[in-house]
Amino acid sequence: MKKTFKYKKLIIVTSIACILGAGVSFVLVPKKEYKGVDIKDIDFYSTPWGEENPYFPGELKTADGKMGNPKAIPSSSECVKCHKKEFEEWVPSLHSISGRDLIYENSIEVNVNLKKRHHGRELSRFCDSCHNPIEVAMGKNNPITSVEPSDVQTEGLACIFCHTATHADAEKGNGAITFDLNKAYDNLSGSAILASPKDHARAFGSAKTNKLLKSAEFCGACHNERYYPPVTPSTKVLHAQSTYDEWKSSWYAKNDVTCQDCHMNYEPIKFIEALNKDIVKKPEKYSHNFWGGNHVLQDTSLKETLLYLRGGVLPGVNVKEYFKLIDKQKPITENFLRAAAQVEIISYKIINNTLEVKVKVSNVGAGHNLPTGVVDQKHMWLELKITDKDGKVIYDNGATDRDKDVVIWAERFVDKKGKIIMDHMTFKTADIIMTRPTIKPRSSQTITYNVPLNGNVQLKNLAKLETKLWYKIAYEELIVKTLHKNIPIPSFLMAEDTQEVNR
Amino acid sequence: MKYFAQTTLTTTAILAISGFVYYLLAPYNWGAGEYIMHFHLWLGVGFALYFIFKIIKHIKKNNIKIQNKIFKKVAYILLAIFSITLISGFLHFIPYISYFFSPIYYKFETYDFISMIHLGSSILLIGLFFFHILLMPSKDNK
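As given, the protein sequences belong to chains A and B, one line each in that order. Residues in the first sequence are numbered consecutively from 4, following the numbering used here. Residues in the second sequence are numbered consecutively from 14, following the numbering used here.
The set of hints was computed from the structure by calculation and includes no laboratory data. It cannot be assumed that every hint is accurate.
[Claimed, not checked] Label-pair ranges, simulated between beta-carbon atoms: (1) A:Leu31 <-> B:Leu92: 54 to 64 Å; (2) B:Glu122 <-> A:Ser446: 53 to 63 Å; (3) A:Asp67 <-> B:Trp55: 44 to 54 Å.
[Unchecked claim] Interface residues of chain A toward chain B, partial, derived using beta-carbon atoms under 7 Å: (4) Ile19; (5) Leu23; (6) Ser28; (7) Lys34; (8) Cys85; (9) Tyr188; (10) Asn190; (11) Ser194; (12) Ala195; (13) Ala204; (14) Ala206; (15) Pro334; (16) Ile335; (17) Asn338.
Beta carbons are placed, not taken as given, at the ideal position from N, Cα and C, and that holds for glycine.
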């Protein structure tokens, strides 16, 4: 027993030494403490609509009611080491550049200047609540900027925005998301996180957050947008974007097909094809590609111009990698757009001295209306082209979106004087009118053309009827206004149909 | 084999204390907690290598001498618990070391499960270790 006793001594001495060592390290190593910033501590922060709502007119909120701490909140480039796949999916998406896209940024400046004597800069919190929420939460949207810059402020919908969200209100829209921004930092670093990720889960992966991320309501908090004073001089609430509402009343919502199921699907086209056969097989894993409709900001053939339009390269990626990743995203984006719509020439006949052509335009693959979003810029139009037996075009309506009487799906912003605003001057929009109702999910519209049969157009000469459904992400007026350049915006062919004329 | 018992006992004590300190106190000072975790992991790996190398000799040497059936049973259970503790500890070390090459990690639920096993088996191990020493035949001790 003598030796056992000796061991006891050894154990006691070792244990005491070890406890002392741990105690010393707890005393000597400084504590990591990150806290949210009190609104009073941000110099010159302007709250014209009350301190209790520092991000108004945006509906954004932080869980602790404090402003974000630029010293603590990590850039998405810090996530890349372990979440490379997710990072590389997110990089080419529009979510990564929602705040830095040059047209958007300049559009903000133009709108701010419109109201520079009426809290224009503070009003930009409305736009940035969805486009650049971290910047808003840190207090950057202020007439006098006193917040120090950090990478994450340039990353639009950075990883930490979604991965700290705790609540979303889609009915309210306008960025009605509460996010626990000030918990978004790791207490451990590098390899230690991988050995013990409990604190990482506290910061970024709570069960509450993960559940919310899978819901359509989460997307709806930004993809429902309402205009009202002080943002716009309107006398009523203007429904500028109702993508969530459109989904909510659709077959998709009734069958639990959410935004994520299509827009975050690794194989979105296959998924849409299955839906068309009424097969709903939800994906097991979701991608971070956020497939959408902006094919121009993924067009690498634009080379340096694309880099310029996307606001430069994101932190954590070099130019070569950036283009490679965008190149991967582009074909799926294009197929995604094509999967949404179908056109069909359903009939043609002569009535009196008129050729009547009926074209059916169907929304076959989108869980929201076509087009959707803020469609004062994004728009869709139909072309009908008639060719004679010599191959000569004898009728063409809709070759461009500027054609007279073109069939177009868009909304028109109107100012107080009733003048149409084509350059997205949100802050002077008094009303919104639709050119025609947008096409609901799983429904179609029949467009009737009445082509007068005289002069060039004679039935006996007709050979071919062609119809094309075109899509464009913006009007040239927006580019002129924001970039001071007259750059033509490419049109995208979503769907087409051809019929030979039988005489 | 001279210092096997001493080395095993002291290292186990250090590992147990550093592990419990990290588990229970790290949120009070994550910076210190992180140092303790690095220490715990590297010491754990070093000790595992030493233990694997020495334990075979230890068993071979003492298996014939020991007549006490209870002691033998406890010793083998102790060995099994030791293995579980070392394996579950190693499962924490794999993602840790992978960070320097190509990071791999498990689901949060998997981490929770492994941590629970590691914690449970180490508590059991401490108890059994004391039992092992107390039951140690005096002849063998000499």
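### Query
When the nearest CB of chain B is found for proline 334 (chain A), is that gap smaller than 7 Å?
For proline 334 (chain A), the interface hint is violated, since the closest Cβ of chain B sits about 28 Å away, which is over 7 Å.
### Query
Under the criterion of a CB-CB separation shorter than 7 Å, is leucine 23 (chain A) in contact with chain B as hinted?
violated, 10 Å
### Task
Mind checking the CB of asparagine 190 (chain A) against every CB in chain B and telling me if the closest is under 7 Å?
Where the cut-off is 7 Å and the nearest Cβ of chain B is about 3 Å from asparagine 190 (chain A), the hint holds.
### Message
For the restraint on tyrosine 188 (chain A), tell me whether the closest CB of chain B is nearer than 7 Å.
### Response
Check failed: Cβ of tyrosine 188 (chain A) comes no nearer than 10 Å to chain B, outside 7 Å.
### Query
Against chain B, is alanine 204 (chain A) within 7 Å by beta-carbon distance?
holds, 5 Å
### Task
Tell me if cysteine 85 (chain A) is really an interface residue toward chain B, meaning its C-beta lies closer than 7 Å to one of theirs.
The hint holds - cysteine 85 (chain A) has a Cβ within 7 Å of chain B, the shortest such distance being about 4 Å.
### Message
Quick check on serine 194 (chain A) please, does its C-beta sit within 7 Å of some C-beta on chain B?
### Response
Result: holds, 4 Å to nearest chain B Cβ.
#### Entry: tryptophan 55 (chain B) and aspartate 67 (chain A) - C-beta distance against the hinted 44 to 54 Å
violated, 37 Å
### Query
When the nearest CB of chain B is found for serine 28 (chain A), is that gap smaller than 7 Å?
Check passed: Cβ of serine 28 (chain A) comes within 4 Å of chain B, closer than 7 Å.
### Message
Given a cut of 7 Å on the nearest C-beta pair, is the interface hint for isoleucine 335 (chain A) held or broken against chain B?
### Response
This hint is violated: isoleucine 335 (chain A) lies away from chain B, its Cβ roughly 26 Å from the closest one there, beyond 7 Å.
### Query
With a cut-off of 7 Å, does the beta carbon of isoleucine 19 (chain A) approach a beta carbon of chain B closely enough for the hint to hold?
violated, 10 Å
### Query
Does alanine 206 (chain A) meet its interface restraint, that is, does its C-beta lie within less than 7 Å of any C-beta in chain B?
violated, 11 Å
Of the numbered hints stated above, those contradicted by the structure are hints 1, 2, 3, 4, 5, 9, 14, 15, 16 and 17, listed in ascending order.
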